[in-house]
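There are 4 protein chains.
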Amino acid sequence: MAWNNYDVIARDGDMVQLLGKRHKSHFIRLKTGAIFQTHRGELQHDAMIGKPWGSRLVSHTGNPFFLMRPGLSDIITEIKRNTQIMYPKDIGYIVMVMGIGPGVHVLEAGTGSGALTTAFAFLVGDTGKVTSYEQREQMHNLARNNLRRVDLLDRVDLKLGDVLDGFEERDVDAVFLDLPNPYDYIPQVKASLKLGGFLGMILPTTNQITRTLPVLMENNFAFIEVCEIMLRYYKPDWERLRPTDRMVAHTGYLVFGRSVMETPVMD
Amino acid sequence: MAWNNYDVIARDGDMVQLLGKRHKSHFIRLKTGAIFQTHRGELQHDAMIGKPWGSRLVSHTGNPFFLMRPGLSDIITEIKRNTQIMYPKDIGYIVMVMGIGPGVHVLEAGTGSGALTTAFAFLVGDTGKVTSYEQREQMHNLARNNLRRVDLLDRVDLKLGDVLDGFEERDVDAVFLDLPNPYDYIPQVKASLKLGGFLGMILPTTNQITRTLPVLMENNFAFIEVCEIMLRYYKPDWERLRPTDRMVAHTGYLVFGRSVMETPVMD
Amino acid sequence: MAWNNYDVIARDGDMVQLLGKRHKSHFIRLKTGAIFQTHRGELQHDAMIGKPWGSRLVSHTGNPFFLMRPGLSDIITEIKRNTQIMYPKDIGYIVMVMGIGPGVHVLEAGTGSGALTTAFAFLVGDTGKVTSYEQREQMHNLARNNLRRVDLLDRVDLKLGDVLDGFEERDVDAVFLDLPNPYDYIPQVKASLKLGGFLGMILPTTNQITRTLPVLMENNFAFIEVCEIMLRYYKPDWERLRPTDRMVAHTGYLVFGRSVMETPVMD
Amino acid sequence: MAWNNYDVIARDGDMVQLLGKRHKSHFIRLKTGAIFQTHRGELQHDAMIGKPWGSRLVSHTGNPFFLMRPGLSDIITEIKRNTQIMYPKDIGYIVMVMGIGPGVHVLEAGTGSGALTTAFAFLVGDTGKVTSYEQREQMHNLARNNLRRVDLLDRVDLKLGDVLDGFEERDVDAVFLDLPNPYDYIPQVKASLKLGGFLGMILPTTNQITRTLPVLMENNFAFIEVCEIMLRYYKPDWERLRPTDRMVAHTGYLVFGRSVMETPVMD
Chain A
114 MAWNNYDVIA
124 RDGDMVQLLG
134 KRHKSHFIRL
144 KTGAIFQTHR
154 GELQHDAMIG
164 KPWGSRLVSH
174 TGNPFFLMRP
184 GLSDIITEIK
194 RNTQIMYPKD
204 IGYIVMVMGI
214 GPGVHVLEAG
224 TGSGALTTAF
234 AFLVGDTGKV
244 TSYEQREQMH
254 NLARNNLRRV
264 DLLDRVDLKL
274 GDVLDGFEER
284 DVDAVFLDLP
294 NPYDYIPQVK
304 ASLKLGGFLG
314 MILPTTNQIT
324 RTLPVLMENN
334 FAFIEVCEIM
344 LRYYKPDWER
354 LRPTDRMVAH
364 TGYLVFGRSV
374 METPVMD
Chain B
114 MAWNNYDVIA
124 RDGDMVQLLG
134 KRHKSHFIRL
144 KTGAIFQTHR
154 GELQHDAMIG
164 KPWGSRLVSH
174 TGNPFFLMRP
184 GLSDIITEIK
194 RNTQIMYPKD
204 IGYIVMVMGI
214 GPGVHVLEAG
224 TGSGALTTAF
234 AFLVGDTGKV
244 TSYEQREQMH
254 NLARNNLRRV
264 DLLDRVDLKL
274 GDVLDGFEER
284 DVDAVFLDLP
294 NPYDYIPQVK
304 ASLKLGGFLG
314 MILPTTNQIT
324 RTLPVLMENN
334 FAFIEVCEIM
344 LRYYKPDWER
354 LRPTDRMVAH
364 TGYLVFGRSV
374 METPVMD
Chain C
114 MAWNNYDVIA
124 RDGDMVQLLG
134 KRHKSHFIRL
144 KTGAIFQTHR
154 GELQHDAMIG
164 KPWGSRLVSH
174 TGNPFFLMRP
184 GLSDIITEIK
194 RNTQIMYPKD
204 IGYIVMVMGI
214 GPGVHVLEAG
224 TGSGALTTAF
234 AFLVGDTGKV
244 TSYEQREQMH
254 NLARNNLRRV
264 DLLDRVDLKL
274 GDVLDGFEER
284 DVDAVFLDLP
294 NPYDYIPQVK
304 ASLKLGGFLG
314 MILPTTNQIT
324 RTLPVLMENN
334 FAFIEVCEIM
344 LRYYKPDWER
354 LRPTDRMVAH
364 TGYLVFGRSV
374 METPVMD
Chain D
114 MAWNNYDVIA
124 RDGDMVQLLG
134 KRHKSHFIRL
144 KTGAIFQTHR
154 GELQHDAMIG
164 KPWGSRLVSH
174 TGNPFFLMRP
184 GLSDIITEIK
194 RNTQIMYPKD
204 IGYIVMVMGI
214 GPGVHVLEAG
224 TGSGALTTAF
234 AFLVGDTGKV
244 TSYEQREQMH
254 NLARNNLRRV
264 DLLDRVDLKL
274 GDVLDGFEER
284 DVDAVFLDLP
294 NPYDYIPQVK
304 ASLKLGGFLG
314 MILPTTNQIT
324 RTLPVLMENN
334 FAFIEVCEIM
344 LRYYKPDWER
354 LRPTDRMVAH
364 TGYLVFGRSV
374 METPVMD
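Chains as they are written, first to last, in the numbering used here: chain A, 114 to 380; chain B, 114 to 380; chain C, 114 to 380; chain D, 114 to 380.
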């Protein structure tokens, strides 16, 4: 059962997002008798268990916190990481294009700290599956802990090792590559992906795009889409509505393709 | 069973995306004996049934088509509509922020032609549920047909009528409003949404935002987020990589809030 | 004297922008006795001469036109062209970075239809100078006509021919390249540009950038800046304020550098 | 004579941009016998006078500096300020739309720290003129010092005081407002601006736009344009070309209109 199975009130064992001043978030799991400690004071878990979601609590030093169920975007943004993680703006679009949802088997390389893995695992449900390769042992273990913390580990098969020699899986519905050199893995993807299935990638630089595109063509990936997603926040002040002063200018370019039987020589 | 349950080969009853020249898409459902007709020629359904996905077919006039499993984004973009539909770039981000996935019960008003409803229904799976209100009978019926076509109608409760007097549902996980006057429906949303749950909206104009924000505050919605998502495509030419000449500049502003027990007077 | 020398009323010889329905512009030069003809009817020049700027006129078929002094942006956007012209959004930023203004001598290659040349010629004034090379005779002649039409030809030295062997000028204040292969012209620029001076370029593709940057370094151009300018219009409706539906997604990347005596090996 | 009158070598009295590590800029005026002091060491002015522009100098502590002529964009970005200044990306577009160049008389309110005033003064040349109103004495004085420092004060008439009762000038070519409440000044602008002339404004919030637009209509300003300019930088690394991680998301919305004799009831 994933972390997002919730009652109207908070219960022992629930994953909780405590939202404090300046939108500062803390994620904890409720446990009878435990104490949440922060530099803004302490809160007894027992004072939260049984409270309705959305309640306002006050620490022993008088600081307010809201008792919230964490959203998917919150979970992903907060993931413990040793590396650049993927952003909800990109993950959301990837999910839409590649059709990641209940029952789907999706293959990922590399795992990183498991942000995208978490989103995939949440979305494929109990009937789907995520297989994710990572060659750095430290990241592999970090992702395992991150997935366990949100109760999604049972939907994920984390594998340690490089995949230059190929993936063990066959006929997966979708493959996503978050690797510095995706152009080295395209034939391996071809062998594991269902014909007609989606391949997706995130690439930080234009050099990686120009190097990857011809390899996609050679391996009969068609209907290529290259794009980038930009997210601009606004200050929610109805008397002075305006975008925030600064924004993230770039996370990565997204490249998608679909595995076909022969290269389309058309249009 | 949703449309995306697929074998390695195309089977009778499958939903098919035929991708022709210039990325032109046709969506059909395979049926023994049927004939697909287009101004680029005819294709026998029997010639597709049993073929591997990704196969290249040729119409009787010599035009090529690829036999593809449709992605979620393709399905949504193609939906039969009488109105502005929502874009995958926006839906993807909505799904991430609001945590729409297997087992979730999400409430929507209004249905429109059912594009967002389709995405929600796909993602909540067999264990979740979508309830969607629409007051225009014509749109209500159109959405019904669109959802039936992709086998997702059994997950959706389509309701005809305005909701100024409130929604019948209680304790839903998330509510999304795609209405010209969302500011008139906030107390009704409050009554139906779980405390701690997510409210989302899409608003085409800044005037709607400035009118809605104070009503959200009055009704104890906190952690408000206002943003917009921009999608820029690139021409996938590795020797001349560059963005396309033109792009969609605006679909709508997204506004999100979370239902809490009291207005946070903090930060 | 440039076209923008104006009195309060329109006079014989003035350059006029007639702004009609749907912001449709016509540029003419007033001449006693002449007739302006359009598919929306005719207007006598004599009926415009002596009228205050901003007057509303009506053609013989009843269509309204406003008598306007053309702005620089209008002039440039309307320039007769056989090729992609530069956009005001890009020209404005180029002018700011490179410090193009009264008294400056700027060198350009290639001229194209003369849009950028027009802006430069307008801004350098009677005390400055623009030298512009073009190797296609047809474009060279088109630019000449375009510049003559706005009375700016006397500030511009249009030269026909390639510059692979170098520019004739020395110690110019700034050089701008609008060429498909700027990387082939960097040493020639170095020889003609004042030390400390600005080099600017517009490049449609990322491939051109990655090929040009190392050549800039080899030739001691420092403080390199690579950027792009995006312009988004809003519908000026105060009850429904929102961006236009579509926008120009890309014109070109701008690259700037400054000629120094040795490559900076620092930071 | 403005600051940008330059020889091939740096001379006594020249305005100099010393560009050091991490693109850190220092602006000084060369003076025989003076010493430039920074936390990266000292440089004798005499060691710079007579040196070619673009020369590499080394401070007494071994830190490198390049001897550069400042560009317009550099000057503006560096202006001493007590307030938000305007950005080159916006100024460049304003200049293009409003046709600010040699010989033009432009009116501005308010002066602020004089960034836009500096650009206007540079561009109108010796034959043009800038009049700028400011009601805060401190800003008025700051702008005076900033303009004097770049030798542009003789082209500018700085006036202290509010203009709710109107501007003293008549028949100016263009008016630019950088005020929190431009909607209070439109009739005053109308009285001072040549018919057919350009009015421009920068407005941080959408609320200001929606409040200003109807006042523009009432006062016979037509051909309204509302837009925003976004600037995205790229890291100039040819092996890893990509946008910078973060960017300025918003400076202000630009609004332009043209003074006409009657409101156009058309299109």
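Note that these hints are calculated values from the structure, not bench results.
Please note that a few of the clues may not be correct.
Each pair may be met inside one copy or between any two copies, as identical chains are not told apart.
Subject to a maximum C-alpha distance of 25 Å in a straight line, what follows is the list of computed DSS-like cross-link-like pairs (lysine-lysine) [said to hold, decoys possible]:
| # | residue 1 | residue 2 |
| --- | --- | --- |
| 1 | K272 | K144 |
| 2 | K134 | K303 |
| 3 | K134 | K242 |
| 4 | K303 | K164 |
| 5 | K164 | K137 |
| 6 | K348 | K134 |
Just so we're clear, the structure is a prediction, and the values are computed from it rather than from any experiment.
Okay, which hints does this one fail, numbers in order?
1 and 3
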